[in-house]
Amino acid sequence: MTNYERHTAVTDEERREFLKVIGVAGAVGASGVTLGELNSTVEPSNVEALSAVGAAVSEEMAGGVNPDLLATQQAELATALSAAPAAVESGAAFREPGSAFDDIAEAGWLTHDHLAETGFFETLSEEMPAFNPERLTTSTQAFLGSSAATAPLTDLDLGGTEGVDLVAPIINQAEKLSHFHWIASGDIPAEHQLADVLPPISQRAAGGVLLWLQNLDDHLYQDQVLLNEQILADGIWEVRGMTAGFYLMAEGAKAVSADSDRFTDAELGALFATSIALQEVAQRMLPVHMHWLDEAARDPGNVKIDSISI
Amino acid sequence: MATDNNDDERLSAAIDRDLLGDEVDDPEERMNFIDTGENAFGENVRQVTNEVPGEDVTDEMLQEDVNRTDSWLHFNKGHEQTGFSPSEALTPENIDQLEEAYRVDTGSGGLQTTTTIVPGDGDTPPVMYFIGSDTKVWAVNARTGEEYWTFQWAYPEDADYEIQPRFRGVSVYEDKVIFGTANLHMVALNRYTGEKEWETDSMGSLPSLQNLPFPFIGYSHSGSSHVYDGTIYVGQVGGDNSLMGHTHAMALNADTGEVEWTTKFAPEDEWLGDLWKHANSSPWNAAAIDPESDTVIWNAGNPRPMLNPMVRPGPNQMSAGVVALDAKTGEVKWNDQNSPQDHWDYDGQFCASIVDVEIEGEERRAVVYEHKNGWVYVYDIEDGQLLSRSEPYAKQKNIHSFIGKGEENSTEVWPAAAGASNYPADGVSPRTGYRYSGSQDAGNILWMEEFNYPEEGVGTPGMGTGPDGEDEISGGGQQHTIEGENYQAYVTATDLSTGDQAWRTKLPDSEDLFNNSFVVYPGGTTPTAGGLVFSGSSGGHLYALDDENGDILWEADTGQRITATPSVWEDQAEGAVFVTVAAGNQIVGYRADVDLSATTETQTATETETDTPTETDTATEATDTTSTSGPGFGAAAGAAGAAGAGYAAKKRADDEDDEETDEE
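In order, the protein sequence lines correspond to chains A and B. Using the UniProt record's numbering, the letters of the first sequence map in sequence onto residues 1 to 310. Using the UniProt record's numbering, the letters of the second sequence map in sequence onto residues 1 to 664.
The set of hints was computed from the structure by calculation and includes no laboratory data. Treat the hints with care, since some could be wrong.
Unchecked claim - The calculated label-pair distances, taken between Cβ atoms and stated as ranges, are:
#1 A:A49 - B:T329: 41 to 47 angstroms
#2 B:N398 - A:T34: 32 to 38 angstroms
#3 A:E295 - B:P508: 27 to 33 angstroms
#4 A:D113 - B:N44: 26 to 32 angstroms
#5 A:A130 - B:E391: 40 to 46 angstroms
Unchecked claim - Under the rule of at most 30 angstroms between Cα atoms (straight-line distance), these lysine-lysine pairs were calculated in the DSBU-like manner:
#6 B:K506 - A:K176
#7 B:K328 - A:K176
#8 B:K328 - B:K277
#9 B:K264 - B:K277
#10 B:K328 - B:K196
#11 B:K328 - B:K397
#12 B:K196 - B:K264
#13 A:K176 - B:K395
#14 B:K277 - B:K196
The beta carbon of each residue, even a glycine, is placed where N, CA and C say it ideally should be.
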């Protein structure tokens with residue numbers, strides 16, 4: 001494991017705030033809390049809407065996607081993600097234009113294209129209501145309260161404390177997410193100028209993740225003069241979040257297709273909501289951390305990486 | 001300070017007639033109306049007073065333009081677009097001899113054209129070519145301003161698009177003068193007679209734009225073309241408000257107008273689904289070309305919808321940055337985005353300069369430009385690696401911040417959508433190693449909308465058509481004024497060796513454009529070997545500044561807004577140096593009869609670099625490390641590595657040494 005993989009971009013204060021919103025601030029400590037602890041502490045509630053989403057997607061997509069293809073690509077995705085931070089830490093990413101992050105995208109595009117062809121994104125986007133803080137709180141609680149739903153994160157070495165931090169921004173930035181992102185596809189007016197080319201919202205989340213990833217190697221090489229340890233560590237954290245969200249989405253699609261009983265309808269609805277929200281919030285934060293770099297971000301005095309976790 | 005319009009009266013009239021909220025059919029009813037003159041429709045109009053004297057413009061002349069004191073053959077001087085006049089004739093000591101010599105009234109306001117100067121020979125006077133906002137090309141005696149001929153391009157009488165009148169220059173080659181039109185045509189005229197030689201409908205070579213619904217609002221060849229090795233290079237503007245919106249760079253055979261290649265500036269595999277069709281990302285300014293590597297450097301404009309990034313996921317390649325193309329094939333060599341997934345209308349708006357720099361003792365061929373976002377960037381032209389980014393050359397606030405949805409969640413952002421600088425081309429001086437940026441401190445308030453797009457044909461982004469100076473533009477809204485703020489224009493010198501700001505001079509007269517107060521930027525800058533920097537102001541003054549400290553040494557009032565870069569050139573036969581610049585609806589020529597002998601001795605690049613004295617001790621370190629390998633451009637910038645190049649790589653190397661310790 002590289003130093004970058006020991007770093008999260010979530011502060012103790014942000015974690016405390018997150019735990020407070022999901023209703024477990026008094027039950028667990030803010031420092032070192034793990035997904036496993038939250039699995040047994042968080043109490044999902046008001047999951048009827050999530051159940052409806054899970055059930056509807058299951059019904060419409062049953063048998064519609066290829067679970068073997070998804071599983072193969074998930075494995076490739078996990079392998080590529082585990083290799084990428086080392087390319088940065090070793091310096092390889094800066095010596096010549098590399099492919100470490102493009103490899104993640106490459107693994108993802110087959111999944112993306114398959115899900116697009118089978119109508120998965122359209123179905124999911126039609127069934128899932130627009131994000132708002134209340135809905136995101138409900139779905140995050142349901143996700144965290146389910147060991148089945150959170151289990152796939154262990155495949156990405158994100159099953160412990162990192163898994164908690166991975167999900168925290170969904171809550172901490174719920175207002176922003178509802179502001180910036182989610183437009184239920186059915187709400188797009190037919191006369192909208194882009195209506196004929198606008199992909200379903202869930203596809204925009206997944207596709208956006210892959211587009212950012214496939215450009216990251218060039219960015220690291222070309223723009224290394226702008227980067228410092230803090231920028232790299234925070235950026236890689238968002239890469240892990242983006243990839244984890246994509247991975248969870250594939251996990252849900254795989255379960256639906258295989259007619260699996262691994263998840264209840266509510267768990268499935270929570271898995272989908274969390275996976276899309278995670279992809280969205282992480283890809284919004286990636287350029288904040290790694291691309292839109294102002295003078296403060298480049299100031300050596302603002303590099304606090306040693307005091308955070310590395 | 002004069003403009004051609006009475007903004008308050010126009011605004012009041014528009015409010016009274018309730019013209020602000022809805023589509024306004026008659027452009028003259030808009031408060032942002034500029035009297036660009038009458039367009040021609042149906043038949044081209046050629047008027048000949050005299051034929052132009054002189055010889056053909058050769059490839060050799062185009063190649064040597066960067067070093068010649070008597071020519072200005074490319075948009076911003078030389079294939080490399082350095083914006084630098086090697087004339088030493090005007091100096092801080094004799095600048096007071098520069099006086100107005102003539103004015104050419106064009107009848108077309110809002111001129112953005114540079115003046116192209118074909119040198120004379122003996123009794124043959126130099127010839128000036130330029131283009132008006134009414135798509136009229138002019139050939140005049142550059143010594144006197146007397147007209148030879150004009151040619152006005154005629155638009156179709158039944159055009160179903162809105163003509164966006166912005167043209168920034170013409171190019172010359174052999175016996176031709178070449179220009180683009182606002183309906184995507186390229187046209188070559190006989191440079192002696194003004195007769196049309198050929199025309200090319202660019203749309204015919206752009207299949208991905210065909211069969212898409214009209215109107216094509218703002219689809220234009222507004223930027224100046226550039227001729228290199230018998231090929232014309234021209235970009236395209238895509239229209240921020242137009243439904244359509246993907247764009248191309250093009251190359252055409254200069255003899256025939258035949259299209260040699262086109263390159264789309266929105267790679268289909270870098271956008272989700274078919275969103276690339278609406279990507280915009282226009283190469284809308286003039287290209288710089290490196291003859292050493294056959295590389296064409298272009299700006300890439302903002303993605304579309306302009307203020308709604310949520311419907312265009314990913315970084316939106318290749319928008320809002322710089323693109324390097326192979327001159328022969330149009331293939332993308334490399335590109336970089338300075339504001340990926342742009343939320344703020346931060347086009348790559350620049351005309352880049354190509355210069356030699358020295359990085360940690362190693363000479364590099366570099367691309368230099370100032371971006372709308374407020375930094376000066378320096379890239380290695382070979383592999384597109386960023387060598388340095390300067391300290392901000394303009395005020396930044398909430399730079400690259402998210403903007404909220406709905407006006408109630410708006411965000412104040414500096415620089416404004418008009419940028420810290422805009423299309424006027426800037427220069428870099430081998431004398432000082434400085435990049436001189438015509439810049440502004442101006443902000444705006446932005447917000448995003450989900451579906452709220454304006455009616456086609458309403459307004460132009462950045463023009464503030466609302467009663468409070470706001471725009472309803474593609475995917476969002478924009479308030480131009482910020483309470484308590486008074487926007488100002490500057491000339492800013494950035495030391496390329498360190499990325500530090502060497503000096504910054506506020507221009508005394510910043511005049512906002514109509515009610516659209518975030519457009520106060522100056523015309524471009526023209527540094528000279530004589531130690532001056534010329535720049536025109538939005539308030540209508542042409543200034544000469546000291547290139548080392550920014551002191552204003554000379555000024556002249558043109559009476560109209562200056563929004564183009566001055567050309568500085570010598571007329572050897574007359575023993576005079578001229579400065580010519582577009583201001584409002586006029587071309588203004590200034591002349592000084594000074595000793596040209598020193599310059600006459602330094603006609604070649606190498607000699608210029610060798611002979612140019614270092615006049616003061618305050619010249620930068622870069623002057624001491626000047627390299628001479630470039631074709632005529634003394635390498636000015638020094639160790640840009642000081643600005644952090646290779647930090648990460650070096651850090652990695654350091655870490656490798658400590659690897660075992662770290663792992664523990």
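CB-CB spacing for N44 (chain B) and D113 (chain A) relative to the 26 to 32 angstroms hint: 50 angstroms, violated
Between the alpha carbons of K328 (chain B) and K397 (chain B), is the straight-line distance 30 angstroms or under? The given pair, whose Cα atoms are some 42 angstroms apart, is violated under the 30 angstroms limit.
Quick check: does the Cβ-Cβ distance between E295 (chain A) and P508 (chain B) fall within 27 to 33 angstroms? 28 angstroms, holds
Mind checking the alpha carbons of K506 (chain B) and K176 (chain A) for me, to see if they're no more than 30 angstroms apart? 39 angstroms, violated
30 angstroms Cα cutoff - pair K328 (chain B), K277 (chain B): 25 angstroms, holds
Pair hint outcome, K176 (chain A) versus K395 (chain B) [Cα-Cα no greater than 30 angstroms]: Cα-Cα ~26 angstroms, so holds.
Would you check the hint for K328 (chain B) and K196 (chain B), treating anything up to 30 angstroms between C-alpha atoms as holding? This hinted pair holds, its Cα atoms lying about 26 angstroms apart.
When you check the alpha-carbon spacing of K196 (chain B) and K264 (chain B), does it fall within 30 angstroms? Holds, at about 29 angstroms.
Check the hint pairing K277 (chain B) with K196 (chain B) against an upper bound of 30 angstroms on the C-alpha distance. Violated, at roughly 33 angstroms.
Quick check: does the Cβ-Cβ distance between N398 (chain B) and T34 (chain A) fall within 32 to 38 angstroms? This hint holds: roughly 37 angstroms between Cβ atoms.
Between K264 (chain B) and K277 (chain B), is the straight-line Cα distance small enough, at 30 angstroms or below? Satisfied, since the Cα-Cα distance of roughly 10 angstroms is no more than 30 angstroms.
CB of A49 (chain A) to CB of T329 (chain B), is that within 41 to 47 angstroms? 55 angstroms, violated
Of the numbered hints given earlier, the model fails hints 1, 4, 6, 7, 11, 14; all others are met.
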